[in-house]
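Listed in order, the protein sequences are those of chains G and C.
Under the working numbering, think of the first position of the first sequence as 341, with each following residue one higher.
Under the working numbering, think of the first position of the second sequence as 133, with each following residue one higher.
The set of hints was computed from the structure by calculation and includes no laboratory data.
Accuracy of the hints is not assured; some may be wrong.
Chain C side only, calculated, beta carbon under 8 Å to chain G, not exhaustive [what the hints assert, rightly or not]: (1) S175; (2) K190; (3) L221; (4) T225; (5) L230; (6) S231; (7) F232; (8) G233; (9) A234; (10) T237.
What you are looking at is a predicted structure, and each value in this text was computed from that prediction instead of being measured.
Virtual Cβ for every residue (Gly too), placed ideally from N, Cα, C.
Chain by chain, the residues:
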Amino acid sequence: EAQVTQNPRYLITVTGKKLTVTCSQNMNHEYMSWYRQDPGLGLRQIYYSMNVEVTDKGDVPEGYKVSRKEKRNFPLILESPSPNQTSLYFCASSSGQGWEQYFGPGTRLTVT
Amino acid sequence: ILNVEQSPQSLHVQEGDSTNFTCSFPSSNFYALHWYRWETAKSPEALFVMTLNGDEKKKGRISATLNTKEGYSYLYIKGSQPEDSATYLCAFTNDYKLSFGAGTTVTVRA
């Protein structure tokens with residue numbers, strides 16, 4: 341089954357404790373992306389990757405890091421989480437930015 | 133940050149009625165316009181990706197039009213059903229980034 345998986349689905353953590361949210365897709369997609377969703381603001385792109393070892397900032401990259409060492413995986417790293425990073429996070433993949441995005445199930449992160 | 137606006141923010145429609153709502157985006161350097169349907173507690177799912185001015189796409193009772201010169205797209209729902217209740221998102225791209233609007237939440241009353 342074609343899918344995008346994210347782990348964990350739910351996470352409560354404390355300020356400053358490094359965490360990684362994993363994202364994996366099995367569709368051989370080149371383009372992968374991370375978004376955060378906050379009430380009233382819609383989805384905002386954090387980082388995107390056009391292919392292995394090629395990543396770039398989206399609209400809200402501050403406080404986040406990403407890597408793309410393999411085509412199927414695109415982890416999101418929060419080196420020192422802060423409460424303003426409490427949000428719902430989605431990973432997505434596609435054949436390119438002009439193609440439909442396939443979204444993962446979402447990760448709800450709470451930073452206290 | 134690209135300014136993508138959707139209106140109205142929310143709307144209520146009676147079952148069987150038709151409705152439409154808009155997405156406006158920058159008209160310069162257009163690459164593609166996406167529409168997604170997002171049900172509560174689920175992930176967004178793609179409806180359409182449109183790339184050409186004048187493009188019209190249709191999926192069942194839902195259709196969309198695109199005007200890249202003036203920077204807007206309409207989404208139409210014909211004969212609304214309760215299962216059409218969702219938030220509809222549009223997203224604009226002019227390079228490799230995608231910028232989403234805040235969405236239009238549609239509630240269909242039986």
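For the hint on C:T237, does the least C-beta distance to chain G fall short of 8 Å? violated (11 Å)
Any CB of chain G closer than 8 Å to the CB of C:L230? At 6 Å from the nearest chain G Cβ, C:L230 passes the 8 Å test, so the hint holds.
Status of the C:T225 interface restraint (C-beta, 8 Å, chain G): holds (5 Å)
Double-check C:S175 for me: the hint is only fine if its C-beta lies closer than 8 Å to a C-beta in chain G. OK, holds: C:S175 within 8 Å of chain G, min 4 Å.
Hint check, C:L221 versus chain G [nearest Cβ-Cβ separation less than 8 Å]: holds (7 Å)
Should the hint that C:A234 touches chain G count as held when the rule is a Cβ pair under 8 Å? holds (4 Å)
Would you check whether C:S231 satisfies its interface hint, that is, whether its CB is within less than 8 Å of any CB in chain G? Interface hint status for C:S231: holds (7 Å vs cutoff 8 Å).
Do the numbers back the hint for C:K190, that is, is its least Cβ distance to chain G under 8 Å? Since the shortest Cβ distance to chain G is 15 Å, the answer is violated.
Is the hint on C:G233 kept, meaning its closest Cβ partner in chain G is under 8 Å away? Check passed: Cβ of C:G233 comes within 6 Å of chain G, closer than 8 Å.
Would the stated hint for C:F232 survive a check requiring a Cβ distance to chain G of less than 8 Å? holds (4 Å)
Of the numbered hints given earlier, the model fails hints 2, 10; all others are met.
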